[in-house]
Amino acid sequence: MDYIVSILGPLAQGATVTLRLFAITLALAVPLGLALALARVSKSVALSQAVNGYIWLMRGTPLMLQMLFIYFALPFVPVVGVRLPDFPAAIVAFALNYAAYFAEIFRAGIQSIDRGQYEAAKVLGMTYGQTMRRIVLPQMVRRILPPMSNETITLVKDTSLIYVLALNDLLRAARGIVQRDFSTTPFIVAAAFYLVMTLVLTWGFQRLEKRYAKYGD
Amino acid sequence: MKKTLAALLLVSLGAVLAGCGKKEEPAPQAAAPAPAAVAKVVIGLDDNFPPMGFRDEKNEIVGFDIDMAREAARRMGAEVEFKPIDWSAKEAELSGKRVDALWNGLTITEERKQNIAFTAPYMENHQIIVVPADAAIKAKADLAGKVVGAQEGSSAVDAVKKDEAVFKSFKEFKTFGDNITALMDLSAGRLNAVVVDEVVGRYLVSKKPGEYAVLDENFGTEEYGVGVRKDDTEMLAKLNKALDGMKQDGTAGQISTKWFGKNIVK
Numbered sequence: 759m760d761y762i763v764s765i766l767g768p769l770a771q772g773a774t775v776t777l778r779l780f781a782i783t784l785a786l787a788v789p790l791g792l793a794l795a796l797a798r799v800s801k802s803v804a805l806s807q808a809v810n811g812y813i814w815l816m817r818g819t820p821l822m823l824q825m826l827f828i829y830f831a832l833p834f835v836p837v838v839g840v841r842l843p844d845f846p847a848a849i850v851a852f853a854l855n856y857a858a859y860f861a862e863i864f865r866a867g868i869q870s871i872d873r874g875q876y877e878a879a880k881v882l883g884m885t886y887g888q889t890m891r892r893i894v895l896p897q898m899v900r901r902i903l904p905p906m907s908n909e910t911i912t913l914v915k916d917t918s919l920i921y922v923l924a925l926n927d928l929l930r931a932a933r934g935i936v937q938r939d940f941s942t943t944p945f946i947v948a949a950a951f952y953l954v955m956t957l958v959l960t961w962g963f964q965r966l967e968k969r970y971a972k973y974g975d
Numbered sequence: 061m062k063k064t065l066a067a068l069l070l071v072s073l074g075a076v077l078a079g080c081g082k083k084e085e086p087a088p089q090a091a092a093p094a095p096a097a098v099a100k101v102v103i104g105l106d107d108n109f110p111p112m113g114f115r116d117e118k119n120e121i122v123g124f125d126i127d128m129a130r131e132a133a134r135r136m137g138a139e140v141e142f143k144p145i146d147w148s149a150k151e152a153e154l155s156g157k158r159v160d161a162l163w164n165g166l167t168i169t170e171e172r173k174q175n176i177a178f179t180a181p182y183m184e185n186h187q188i189i190v191v192p193a194d195a196a197i198k199a200k201a202d203l204a205g206k207v208v209g210a211q212e213g214s215s216a217v218d219a220v221k222k223d224e225a226v227f228k229s230f231k232e233f234k235t236f237g238d239n240i241t242a243l244m245d246l247s248a249g250r251l252n253a254v255v256v257d258e259v260v261g262r263y264l265v266s267k268k269p270g271e272y273a274v275l276d277e278n279f280g281t282e283e284y285g286v287g288v289r290k291d292d293t294e295m296l297a298k299l300n301k302a303l304d305g306m307k308q309d310g311t312a313g314q315i316s317t318k319w320f321g322k323n324i325v326k
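Protein chains in written order, with this note's numbering: chain A, 759 to 975; chain B, 61 to 326.
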């Protein structure tokens, strides 16, 4: 027991790295994903196809590869070559990647709204923007909550990939202690940390679902 | 390889990445070759490499190499920063100027010399063979037909492969993300032996008394040095001078005694 208490400090520090990456990624990827989804369903074929290509690229290559690319290869790319520090590099990779997945979820939500509602909104004199904002998106939110909860929980666990940039997240901190003490207990404690995080998320999403249930059919 | 990858991803990523371009830091060009003191040295290390560099109960990076690097930096009149890196990407970290020196039980090998400039060696190391305490393996010859493990990207891999006859006699040679997973696999019975740096191996073996045995034979003697960029001759000269001074006046010996109980600095 004393041992578990002694490793809580470093693991909690690791957990803050995990949570920071998680929160910043979510804050960037949700708006970016929504913008991508709107571009994807727009009437402009060029825009829609460009976003389609982007989504293909981001979903078609491993997140770890994207992160390694942004960190190690990007500085050597002419013109756009930037040398991001480790944590920002991870943020950029995660946000760009998750935005692609979120975009598809949002698109599914938007396209699940009956065409008749668009026509009704048009009859009422609403513009496309107004229709989206007032009619389509509020209903979309209710429908995408279950898949969003899936993807968000996956994000919590995907953050452990940043070990490739040697960022000391929860899992890497646990591995470090395992290395030092040759004991597997830190893994179990780290698992408890993750479970608490996902429990909070699960609970949060369930509350959101209840709240948005009033927009039900 | 990198360029092909870059070109491929660039086409589609271009627009997005251009946006990120604004975040660009002023590229720290090779520090002006003026004789001015090196202001700050970023040391790249594997922070999961006890007792050379690891994290203590307070999550602070400590270890033999950490103390050595601090002392050397003090003598160079430079500030020191320790940056944990993924050890298998150490060359990229160094050439990408994310770190200025690799100082973490870095074995001097001919292969590494092509990309890294090394200081004079400061310590001798052996690649020891760890087996379960009750194993019938007593010598290298007994490893024939066995499954052997080592840390990926470590010099243990090079040392084993250099001993071609023995290497070819293995049933399988597996590399792991770190030494501890290799040793855990040894405990789990999926491996018959693990080859590991002596300083780390003995530290880890001592954590589980009675579980492992270290063979008398090993995969050769090697030396630890500090690695810097090949064109960074100024850093190399300063590090060599600092290390030399530390060996001469006994400071290095004291640090060694603190971590290993005896002076094993050479």
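Source of the hints: derived by calculation from the structure; they are not laboratory data.
Cβ coordinates follow ideal geometry from the N, Cα and C atoms, glycine included.
There could be a bad hint or two in this list.
[As the list claims (entries may be wrong)] Pair by pair, the computed Cβ-Cβ distance ranges are:
| # | chain 1 | residue 1 | chain 2 | residue 2 | range |
| --- | --- | --- | --- | --- | --- |
| 1 | A | Thr942 | B | Lys173 | 45 to 51 Å |
| 2 | A | Tyr761 | B | Gln308 | 54 to 60 Å |
| 3 | A | Ser806 | B | Ser148 | 36 to 42 Å |
| 4 | B | Lys267 | A | Ala866 | 47 to 53 Å |
| 5 | A | Gln771 | B | Lys322 | 29 to 35 Å |
| 6 | A | Thr956 | B | Pro269 | 57 to 63 Å |
| 7 | B | Gly305 | A | Phe945 | 42 to 48 Å |
| 8 | B | Ser148 | A | Phe945 | 54 to 60 Å |
| 9 | B | Lys221 | A | Gly767 | 38 to 44 Å |
| 10 | B | Gly313 | A | Thr956 | 28 to 34 Å |
| 11 | A | Pro843 | B | Gly270 | 55 to 61 Å |
**Q.** Distance restraint hint 47 to 53 Å, applied to the beta-carbon atoms of Lys267(B) and Ala866(A)
**A.** With a Cβ separation near 51 Å, Lys267(B) and Ala866(A) satisfy 47 to 53 Å, so the hint holds.
(Q) Can you tell me whether the CB distance of Tyr761(A) to Gln308(B) sits inside 54 to 60 Å? (A) Since the Cβ atoms of Tyr761(A) and Gln308(B) sit about 42 Å apart, the hinted range of 54 to 60 Å is violated.
Q.
Taking the Cβ atom of Thr942(A) and the Cβ atom of Lys173(B), is their distance within the range 45 to 51 Å?
A. Distance hint for Thr942(A), Lys173(B) is violated at roughly 38 Å.
Q. Falls inside 57 to 63 Å, the C-beta gap from Thr956(A) to Pro269(B)?
A. Given about 38 Å between the Cβ atoms, the range is violated.
Q. CB of Ser148(B) to CB of Phe945(A), is that within 54 to 60 Å?
A. Violated, at about 22 Å.
Q | Pairwise beta carbon distance, Gly305(B) to Phe945(A), judged against the given window 42 to 48 Å | A | holds (43 Å)
Q. Per the hint of 55 to 61 Å, is the separation of the Cβ atoms of Pro843(A) and Gly270(B) within bounds?
A. violated (45 Å)
Q. Quick one: are Ser806(A) and Ser148(B) within 36 to 42 Å, going by C-beta?
A. For Ser806(A) and Ser148(B) the Cβ distance comes to about 40 Å; the hint holds.
Q. Could one say that the CB atoms of Lys221(B) and Gly767(A) fall in the range 38 to 44 Å?
A. holds (41 Å)
Q | Gly313(B) paired with Thr956(A), Cβ distance criterion 28 to 34 Å | A | violated (51 Å)
(Q) Taking 29 to 35 Å as the stated bounds, is the beta-carbon spacing between Gln771(A) and Lys322(B) within them? (A) Since Gln771(A) and Lys322(B) have Cβ atoms about 34 Å apart, the given range 29 to 35 Å holds.
The structure fails to meet hints 1, 2, 6, 8, 10, 11 from the earlier list, while all remaining hints are met.
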